[in-house]
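Number of protein chains: 2
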Amino acid sequence: MQKILVIDDDENLRETLGLMLERENFLPFFASDGNSGYDQAISLKPQLLLVDLKLPGMSGIDLCKNLRAGRVQTPIIVLSAIGDEVDKVLLLEIGADDYIVKPFGTRELIARIRALLRRTTPETSKVIRFANAEVDVERRIVLNRGVEVKLAPAEYNLLIFFLHNPDRPLTRDLILNSVWGYESYPNTRTVDAHVVRLRQKLEPDAAVPRHFLTIHGVGYRFLP
Amino acid sequence: MQKILVIDDDENLRETLGLMLERENFLPFFASDGNSGYDQAISLKPQLLLVDLKLPGMSGIDLCKNLRAGRVQTPIIVLSAIGDEVDKVLLLEIGADDYIVKPFGTRELIARIRALLRRTTPETSKVIRFANAEVDVERRIVLNRGVEVKLAPAEYNLLIFFLHNPDRPLTRDLILNSVWGYESYPNTRTVDAHVVRLRQKLEPDAAVPRHFLTIHGVGYRFLP
DNA sequence: ACGAACTGTAAATGTTTTGTAAAGCGGCGC
DNA sequence: GCGCCGCTTTACAAAACATTTACAGTTCGT
Numbered sequence: 000m001q002k003i004l005v006i007d008d009d010e011n012l013r014e015t016l017g018l019m020l021e022r023e024n025f026l027p028f029f030a031s032d033g034n035s036g037y038d039q040a041i042s043l044k045p046q047l048l049l050v051d052l053k054l055p056g057m058s059g060i061d062l063c064k065n066l067r068a069g070r071v072q073t074p075i076i077v078l079s080a081i082g083d084e085v086d087k088v089l090l091l092e093i094g095a096d097d098y099i100v101k102p103f104g105t106r107e108l109i110a111r112i113r114a115l116l117r118r119t120t121p122e123t124s125k126v127i128r129f130a131n132a133e134v135d136v137e138r139r140i141v142l143n144r145g146v147e148v149k150l151a152p153a154e155y156n157l158l159i160f161f162l163h164n165p166d167r168p169l170t171r172d173l174i175l176n177s178v179w180g181y182e183s184y185p186n187t188r189t190v191d192a193h194v195v196r197l198r199q200k201l202e203p204d205a206a207v208p209r210h211f212l213t214i215h216g217v218g219y220r221f222l223p
Numbered sequence: 000m001q002k003i004l005v006i007d008d009d010e011n012l013r014e015t016l017g018l019m020l021e022r023e024n025f026l027p028f029f030a031s032d033g034n035s036g037y038d039q040a041i042s043l044k045p046q047l048l049l050v051d052l053k054l055p056g057m058s059g060i061d062l063c064k065n066l067r068a069g070r071v072q073t074p075i076i077v078l079s080a081i082g083d084e085v086d087k088v089l090l091l092e093i094g095a096d097d098y099i100v101k102p103f104g105t106r107e108l109i110a111r112i113r114a115l116l117r118r119t120t121p122e123t124s125k126v127i128r129f130a131n132a133e134v135d136v137e138r139r140i141v142l143n144r145g146v147e148v149k150l151a152p153a154e155y156n157l158l159i160f161f162l163h164n165p166d167r168p169l170t171r172d173l174i175l176n177s178v179w180g181y182e183s184y185p186n187t188r189t190v191d192a193h194v195v196r197l198r199q200k201l202e203p204d205a206a207v208p209r210h211f212l213t214i215h216g217v218g219y220r221f222l223p
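Protein chains in written order, with numbering that gives the first Met the number 0: chain P, 0 to 223; chain W, 0 to 223.
Don't take each hint at face value.
Because identical chains cannot be distinguished in the list, a pair is counted as satisfied if it fits within a single copy or across any two copies.
[What the hints assert, rightly or not] Here are the simulated lysine-lysine pairs, BS3-like style, with alpha carbons at most 30 Å apart: (1) K64 with K200; (2) K53 with K64; (3) K64 with K101; (4) K200 with K101.
No lab work stands behind these hints: they were computed from the structure.
Note that the structure is predicted; figures quoted are calculated from it, not measured.
Could you put the whole structure together from the sequences, leaning on the hints where they help?
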């Protein structure tokens, strides 16, 4: 699901935009000041930014400039109040992709968002999704609900093995041999411990596994 | 961001020019006498100089001449008071590129600055930016927050490799082969040592890396 | 040829991961 | 519902891995 980060200090507007974006099947995130917006824009890696020009902390202008200076290419739509002096040159300089003047209509903003996303998402890298998790195999990055999850090597290897063998009963011995290799002979309980860690990091509710299932007396089954 | 060094002994003017330049998205620096102006023009490597003709210490005329004698090509705009006798011949002699007579309008100065930058900045100079660092690939010069950072050859090569492979897990072996070549076989700890040095010189806070990240059990990842 | 700077390595230190053990829970057969 | 057996969970110490610092050999420029 496409993440959109809304950076605006007006709480009402954030709420309105949030509802609107959710209704359009986007996944909204929020920041109320420039600094936290900047941090989230980097850590969250959203597909698009909606940035108010006037912000406490770092101004919207500086935020955009800083992101671009840091080679962050995330598409940006600037939200400007009716009084603000905004010209295309400034927007170009600060690296914004589009702007819209408040107050604006839902329909118009959605149209601009979709248009911008359409022209800025050319490539489809190898990203495997299941539930609300995304695994970017090439970049070795795992996101859960859009938030980066740090996986230790063994955990990551185990996850990849599950992804490659979905919907199939997998015995502990098979898992051990495939993920740990024939050279090392750890206890089969080891697999359990790592499954627990994966569940904690990736299951919506670790107590009620919906993806990393136990097959009593056999082993595990991964359900995407 | 383009650095402009203002060399003038009039504090009011410096302040005014500073605000003006900042508003126009330049990064202003200041010197109040010829000698420190000369030093900064060399150490700071600004994109452009604004130089008052009448200066304490080294005069503006000598400053320009000395810079040019030292093969410093930085574009120079001379600021002259209304009484000063300035003719094109003098400007040509001392190596200035343009001049403007005080008092001048903001708009005019900005126009001249942009015009001069346009005709003196060759399109070929490739400057890569990330966070608050700039890497001038052609001249092998690296700036952090506008200040030159001296990188040893190995450090510089490693940095360039990171710049060309952002946002990707890079194993120590890959790094060694790419940066050191297949002929030499240093210890993989060597990579760590150089990453430490890069972090110390380029990370805002070397203890909390935000750009040269560790992937435990794998290697490193460069995030611009 | 001298001193300064660079570089790879090693040793000490700090951090994260990982396998295991032990205790508690829960499903399954009866 | 009971009890067994296997699964989950927690905690932890050893191992693996990363960082830091120091240093000696080398290179480089003057």
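Here is what the structure says about each hint:
Taking identical chains as interchangeable, the C-alpha atoms of K64 and K200 lie at most 30 Å apart only when they sit on different chains, with a minimum of 23 Å there against 34 Å within one chain. With identical chains, the CA atoms of K53 and K64 are at most 30 Å apart within one copy only, with a shortest distance of 14 Å there and 36 Å across copies. For a Cα distance limit of 30 Å, the shortest separation of K64 from K101 inside one copy, 22 Å, qualifies, whereas the shortest one across copies, 32 Å, does not. Proximity of K200 and K101 under a CA criterion of 30 Å is satisfied in neither setting, with 40 Å inside one chain copy and 43 Å between copies.
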